[in-house]
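K.L.:
So you can see what is in the structure, the chains are spelled out below.
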Amino acid sequence: MQLIINGLVIGSIIAITAIGLSMIYKTLNFVNFAHGDFVAFAAYIAFFANKELGVHLAVAFLIAILATMLLGVSMEKVVWRPMRRKKASRTALIIISIGFALVLRNTLLFIWGGSTRCYDIPVRRGFDFFGATITHNQVLVIIVAFILMFLLHYLLSRTMIGKAMRALSDNIDLARISGINVDQVILWTWVIGLGLAASGGVLYGLVTAIRPSMGWYLLLPMFAAIILGGIGNPYGTIAGGMVIGLSQELSTAVLPTEYKFAVSFVVMAVMLLIKPEGLFGGAK
Amino acid sequence: MTELLGAILPYITTILLFASIYAVFALGLNLEWGFTGLINFGHVAFFAIGAYTTVLLNISGCPLIISVIAGVALAGFFGFLLGIPTLRLREDYLAIVTIGFSEVVRSILLNEEWLTRGPFGVHGFDRPFQDAVPYQHYNTFLLILFVAILAIVYFALERLIQSPWGRVLKSIREDETVPYALGKNVFSYKLQSLIIGSAIAGLAGTMLAFYITYINPCTFKPIETFYAWIIVILGGTASNKGTIVGAIILWAFFSGTKFIDRIVPVPFESHQMGAFRMIVIGLLLMLLMMYKPEGIFGRKEELALSD
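Chains L and V supply the protein sequences, listed in that same order. Going by the working numbering, the first sequence wraps up at 298, each residue one higher than the last. Going by the working numbering, the second sequence wraps up at 477, each residue one higher than the last.
Quick look at which bits of chain V chain L covers, simulated, 3 or more residues with Cβ under 8 Å: (1) 201-214; (2) 249-259; (3) 266-276; (4) 459-466.
No more than 27 Å apart at the CA atoms, straight line, and that leaves these computed lysine-lysine pairs for BS3-like: (5) V:Lys462 - L:Lys91; (6) L:Lys101 - L:Lys91; (7) L:Lys101 - L:Lys177; (8) L:Lys101 - V:Lys470; (9) V:Lys411 - V:Lys462; (10) V:Lys411 - V:Lys470; (11) L:Lys101 - V:Lys340; (12) V:Lys470 - L:Lys91; (13) L:Lys91 - L:Lys177; (14) V:Lys462 - L:Lys100; (15) V:Lys340 - V:Lys470; (16) V:Lys340 - L:Lys100; (17) V:Lys462 - L:Lys101; (18) L:Lys100 - V:Lys470; (19) V:Lys354 - V:Lys340; (20) L:Lys289 - L:Lys274; (21) V:Lys340 - V:Lys411; (22) V:Lys391 - L:Lys274; (23) V:Lys354 - L:Lys289; (24) V:Lys462 - V:Lys340; (25) V:Lys470 - V:Lys354; (26) V:Lys391 - V:Lys428.
Everything labelled a hint here was simulated from the structure, so no lab data went into it. Computed from a predicted model, the values in this text were never measured in an experiment. Beta carbons: idealized from backbone N, C-alpha and C, even for Gly.
Please put together the full structure from these sequences, using the hints given.
P.N.:
See below:
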C-alpha cells in the first residue's frame, strides 16, 4: 500500500513534467534534453523565493512557474526560432539542447552548490491510510497535479489556443496554411509545457530533496512515460507517467532501491522493441 | 632552462596522455556520429565496460592481453544489444536509450559489489610491461604506447571510411533512403558502425585504466560522453584528424583552468571551478552547433545536419 501511494505521487509528478516534453517533441519534432533541467531550475527558483526571500511557498510556486516560462520563451526566441529559420536538423537541435542542459544544471550547481536543499515549511506527521503513511505534502502533490491535468484537458479541448496546439502537433504545414499563427502557437506550447514542468519541479521538491541533478534523474522516467503513452499524446503521457511511477516504486519490493530508475530504462527498451508507437498509438 | 623544462614536461606528458586516451574514445564516437549520423549519448558506458572488464578479469588471474581483448569485445557486444531495439527507429531513440543505458551501467558498477567492488573501485591490476620498464620512465613509455595505439586506430578508421563500406556509412548519414533503394541493409550497416565505435570506446577505457591505475564508478559519469562530443564537434565532425586536435585542445583547456588561479586570481571556490568548466563546455557545444557546426577541420558538406 505504501509503495502504491509513493508510486502515485511520483507518477503524477512524472506525468505533468513529461507532458511538456511530449508536446514539444511532437510539435517541434525534436527531443529537448534540457527538459529535466528546467524542472530542477523551477525547484531552485521556488527554493530561492521561499527560503532566501522568505515568501510563502504558494507565491514561490507561482514565481518559479513564471521564471521557468520566461526562460523557455527567451530560449525559443534566441535559439530555437532562429535555428528553425536556418532549417537546422533535428540532430543539431538535440545537441544544442544537451549543451543547454549542461549550462543550466551547472549554473544551479555554481550558485547553490551540490548539497541538498529543502523549502522552509513545517514538518508535519503524516496520517494513517489503510496501514500506510501519507504526508501532507504527498496529498498536496496529488491534488495539485490532478488540478493541473484537468486544466490542461480543458485548455486542449475547449479553447482556441488548445485546438491550434493540437493542430500544430498533428501537421505543422497544414496548420500554417489554414491560417494559424505558427510561431505564436509554438510560443504557447513552450509556455504551457514548461509551466507544467515547472509545477512538477516545485512539487517534486516537496516530496524529495532539491539537488542540481534532480532533473537529470527525472529525464529517463519522463522519456519512458512519453514512449509508453505515445509521443505527442498528453493523455497517454499521463497514463505512462503513472505506470512508470508505480512500477518504479513497486520494483523496490523485489529489487534494491538503487535500481529504481533502471526499471524505466527496461520498460522503455522493451516498449521500443515491441510497440514503438506507444500503448495507445495506432500503427504509423 | 632545463629546470623549467623539467618542471613543465610532466604536465605536458599528462595532457598528452589524457588527450591520446580521449582521442581514441572520441574517434569511436566520430565513426558513429560523424560518419554514420548516429546520436550516441551513452558513449561513456562502453568506456566503462571496456575498463572494468579488463581490470576485473586481470585481477582474477587472466593474462593482460586476453583481458584487454575481452574488454573491447564486450563493449562491442553491448553496442550490438543497444542497437537492436533502436536503430530501426528514428535517430532520437538511440540518443534516449543510450543516455539511459550509461546511467544503468553506472548504477550496476556502484551497487553490485560482489562483481565490481562498488564505490571503492578497483586497483592493483597489472599494467602492460610494468616489469620491463623502470618506474620513473613508465609514463613516458605509456605515452609512446598510447600514441601508437592512437595511430593504429586512426589509420584503421581512415582506411575503413575510404572503403566501399565507409561510403555506405556516409550515404546513410546523408539520406538513408538512397542506400536502402540500392539494396543495402541500412540497419546492419548502422549496427556495425555502433559495434565498432563501442569497441573503440572500450579500448579507450582500458587505456584510461592503465594510466590512472585505479578506477571507480565516479570515473565514468555521463559528462565523459559529452567530453567526446565536444572533442568531435570542436575538431570537426567527420574529420578524424580534427578529433585528435579536439582532444588536445580539450585537455589543454582542462589543465589550463586547473592552474589558472596560480596566475590570475579567480573569484570562485574550487567546486565552482568544476561547474564553471561544464558551463563553458555546454555553451561551446551550443554556440558551435549554432554558428560553426563544421568545427575546425570539418567540411560543411560532410555534416549529418540535413533531414
